[in-house]
Amino acid sequence: MPTSSTFYEQVYELVRLIPRGKVSTYGIIAERLSVRSAARMVGWALNKADLAKVPAHRVVNRNGELTGKLHFLTPDTMREMLETEGITFRPDGSVNLEQHLFRFIRS
DNA sequence: GACATGACGGCAC
DNA sequence: AGTGCCGCCATGT
1 MPTSSTFYEQ VYELVRLIPR GKVSTYGIIA ERLSVRSAAR MVGWALNKAD LAKVPAHRVV
61 NRNGELTGKL HFLTPDTMRE MLETEGITFR PDGSVNLEQH LFRFIRS
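Take the first sequence: its letter number 55 is residue 55 in this note's numbering, and every next letter is one higher.
Keep in mind the hints are simulated off the structure, nothing from the lab. It is possible that some hints are incorrect.
Within a straight-line C-alpha distance of at most 20 Å, the following computed EDC-like cross-link-like pairs (lysine to aspartate or glutamate) qualify [claimed, not checked]:
1) K53 x E98
2) K69 x E83
3) K53 x E85
4) K22 x E83
5) K69 x D50
6) K69 x E80
All chains should be built: construct the whole structure from the sequences, respecting the hints.
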């Protein structure tokens, strides 16, 4: 087993909190994990994630672009899943964060 | 152990 | 406003 599965699990746990119809960003998740400016790690973790258990399609970059779509079954899978959940897209194909960004509730 | 790479983000030019 | 560089940190070579 990995020396520290905590990082993966914390990322997955946060991603699982994102409800249908909402999305979050790599940067916000990284910040929530107190690993600021290490958004790359979030993407890396999601790449190794079990897509059946983690709604990785709900994580986009800061501009609302589906930068991880190539890691799904087909390049259109990510967008299709989001559309099914009610996400609307801009003409350029990016998600309207103003409307769909999920804000984590802090305790 | 050095070096490149990656589902990113911020800031300098 | 577009482009580029650097920081971040785990992995593979």
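Unsatisfied constraints (hint numbers, rising): 1
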